[in-house]
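Once you've looked at the hints, dock chain B against the given chain A.
Protein chains: 2
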Amino acid sequence: MGENEVEIVEHHVEEEPERNGTRTHSFLESLTPSDREGNSSTQSSHRLLAYSDALISIIATVMILPVAHTKIEDDEELKESLQNLLATKIAVYLMTFLIVTVAWAAHIRLFQVIERIDDCLALLNLACMMLITFLPYTFSLMATFPENILGILLFCSCVIVIGLIQAIIVTYGFSRPFLLNDQIQTSENQGYYKWHILKVILRVPILCFVAIIFSFFFSPMSYVLLAIVIFLPYISQSVKWCYRKAKGQVEESPDSMLFYSFHPNEPLSKERVEAFSDGVYAIVATLLILDICEDNVPDPREVQEKFGGSLIEALQGFGPEFLAYFGSFATVGLLWFVHHSLFLHVTKTSRLMGLLNTFSLAFVGGLPLAYQLTHEFPRNSRNELEAIQISCVIIFFAGIFQMAIWVAALFGERRALHPYVRYAGRDHAFMFAKLALYPSVALGTFLLTCALSQFSAPIFHVMEVTVPFAFLLLRLLVRVGLTLLRLVFSPAKQSASDVPEYEDPRLPFTEMVN
Amino acid sequence: MGENEVEIVEHHVEEEPERNGTRTHSFLESLTPSDREGNSSTQSSHRLLAYSDALISIIATVMILPVAHTKIEDDEELKESLQNLLATKIAVYLMTFLIVTVAWAAHIRLFQVIERIDDCLALLNLACMMLITFLPYTFSLMATFPENILGILLFCSCVIVIGLIQAIIVTYGFSRPFLLNDQIQTSENQGYYKWHILKVILRVPILCFVAIIFSFFFSPMSYVLLAIVIFLPYISQSVKWCYRKAKGQVEESPDSMLFYSFHPNEPLSKERVEAFSDGVYAIVATLLILDICEDNVPDPREVQEKFGGSLIEALQGFGPEFLAYFGSFATVGLLWFVHHSLFLHVTKTSRLMGLLNTFSLAFVGGLPLAYQLTHEFPRNSRNELEAIQISCVIIFFAGIFQMAIWVAALFGERRALHPYVRYAGRDHAFMFAKLALYPSVALGTFLLTCALSQFSAPIFHVMEVTVPFAFLLLRLLVRVGLTLLRLVFSPAKQSASDVPEYEDPRLPFTEMVN
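In order, the protein sequence lines correspond to chains A and B. Its first residue numbered 1, the first sequence is counted upward by one per residue in my numbering. Its first residue numbered 515, the second sequence is counted upward by one per residue in my numbering.
The shape of chain A in the complex, shown without the other chains:
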């Protein structure tokens, strides 16, 4: 045990200078009016990126609103067609979420190359943002009218203009090298970088242009081209990367082209992943209160006529909405809390982790609706059971993808995590417990509601109420669990069958080895 702690301290000392280094670096960047270059128009890009992240996170979740406002009556006849409509809308939501996050990833890539901005770049970026916020609308037009070329035309022109603006930003940045990333700035083959980046960026508008041409005589080909534009670079690189990992080959010169490589290991600004996630969690948490504030303030005249002036009676009808709001706010808030705890210990984000984070966020976006459905149907109806089970499934996947981020960080590079939460780190078990709490509780609730379907609502409510307290007491629970484990393992090596639910079974072993 003592040796183990020494090791942590060593890791620590080992890393301090470098972490100081990055900090100082970002300090230099944030020196506001260009104390570095003496060019008074140069600025740190920090706040521009924060604003862009806020805009993109709102836009990524916008298509959940049409899903939310599809009213489902408890009527078996209408159910079929409504379910189809809902399925379409959910598909549109998920697709726009992915498309917007792809645009966001391109934006991160761009501003990892261009690290400082001036007024001109700030205005160009605003123009780019305006078009990105228009993407969900054009996509949903395209999805609603698949055989009409107008949808493809609008979507493609948006993408083309975004690509062209990005190309202008890159050209502008390379014409003023003090705006660039330090690595590129000091690199000898700046020209090579410039052409590689422009090539990657301009590939998109060109393919979209071809898609527009195809849309006039053979529209299915346009859709294929669009799918290629958006997802192919990621898929092909991921497959290549997995293949290489599986065969154990060393990657060829990882430093040669760090930017625009589409590797799963390509660095991704941790700050921006956090800002984007914060935005999405904040929007999703307040999604229901927006509706409540707008629709659930009763009309004074109606209260007088229908309820004899009794406001309490009038508000009782809104009870399910309030419950749904508090439930979803608490769940989203706690998922944010888990995310926050995880990213406190993440020191480096890769593109793969960003992708897993996106999947987690896409599920989080559906949570308020699932909760709303849960409380909307009459007690013990079949719909209520379904809604509760859907909520559990959504929570489960949102949690599982958060855990996958951690696993990716653990199995990927050693440098992606703070030593405390690596294998045998002193908070490893605690972090595992935090990440495992929601998925395991959601799974448990799901199984229980399958078994005891007539008590599904009470089980779900008990879950909602106990989870926050479980988080408060988690450190205690983990400590008790670890002590129990040690008692079981150390004196006599008995069977490993009664491992507590929240424990990472690997930890005690590594601890015993040390």
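Because the hints were derived from the structure by calculation, they are not lab data. Backbone N, C-alpha and C define an ideal beta-carbon position, used for all residues, glycine too. The reader is advised that the hints may include incorrect statements.
[As the list claims (entries may be wrong)] To give an idea of the interface, some chain A residues facing chain B are shown, with a C-beta separation under 7 Å as derived from the structure: (1) 46; (2) 54; (3) 126; (4) 282; (5) 329; (6) 404.
Just chain B now, with coordinates in the frame of chain A:
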């Protein structure tokens, strides 16, 4: 001129060490898992505050939605009652905006005292956030049913619980001093700080409790008490401060109680002002696209029946919405850009500047609606003219309050601004031009539409289109203006009558003095 530059450099060197100091300080804070205290549960509060700011900025702007969705028909008879309804809704929006920003200011104050967090504080803060997000709803209930005590009851209970949670956070923080602000941590009279802060925080729940008691027999008294709770500390302190400034008295020992003093000079975290403003600007910029994405995707069946399958014709009806969206996005984006440029040069934020920022943001919140109205009415109708003039007024005030922030920074403490933009700083005129552009353009448009009311729409559209280019060329324009000024002033001191619009007339004088 040469002397002037030397002076700037001196200022610079003078300030660098201290600014480095604050940076290093915040670096220490952000060392993630408690490298300072060795307590692994201590964390930087940075991300918790970013998430809180995101939540609060959404909630502050939420009551604009009921205003936005009040459909105004071009019908003179209905106008009276609708205008009354709209006026009520706008009043509710402004009041909730102010109340939420007061809660936000209290939150800043709290987390300026408690600078590091652990899991328990993070969860307590989430609970506090949940109640803050409920404030607008309870307030609008109270405003809709002023004679019903339920509204007062709900609002007061929310405020009471928020106050109690904050008191718990303070008590918890003082029981673990390593969580506190360094200044308090090293201070000798920690106990005094604790009681002063608790006294200020608990004053609010106690007054609310009295308001609840009054509501049972004399409700007007409750409203007076609530007004006292929310605004009195600010008003009384501001009056005292102005009185003291006017009489030229020195403030008594400004260091004795830096926190919870309610002074207009009380420090306000610049980072949080920026985060909150970014959130509000982002929400407001996307307010219209949210509606467009939800309502303006036509139904395939309807398109087939009404427009003979022509999607273009179906979309033409939505033209005004798209124009309003692009116009409001551009205007909000450019106002954000001005805000961003200003805060790049602000080194220290005071409570007075925060208040002026809040007023500016409250006006920005109304912009999308004004733009929507502008495009909704038939050409050359009286309503259209009114809508355009209201838009100009809103832009004018949003811009003027931004400028007031700068003036407050200039006239307040010398340390609040970067030397470049202080009097005689090299970017002073440029900053003035940036801040003055929108108010002067809005004023000009307003006056022009008064004079040439039949051309009001074209004038407004020309304004919308030219302003972004004016921002792009601003540096050039300012330089030309300054050169002209110098030509006018230097050879022969003629009259100062033809000072260009964008110039601060003081600057050339100070330049000549140097």
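Status of each hint after checking the structure:
no.	hint	result
1	46	violated, 9 Å
2	54	holds, 4 Å
3	126	holds, 4 Å
4	282	holds, 4 Å
5	329	holds, 5 Å
6	404	violated, 21 Å
Taken one by one, the earlier hints fail for this structure at numbers 1 and 6, listed in ascending order.
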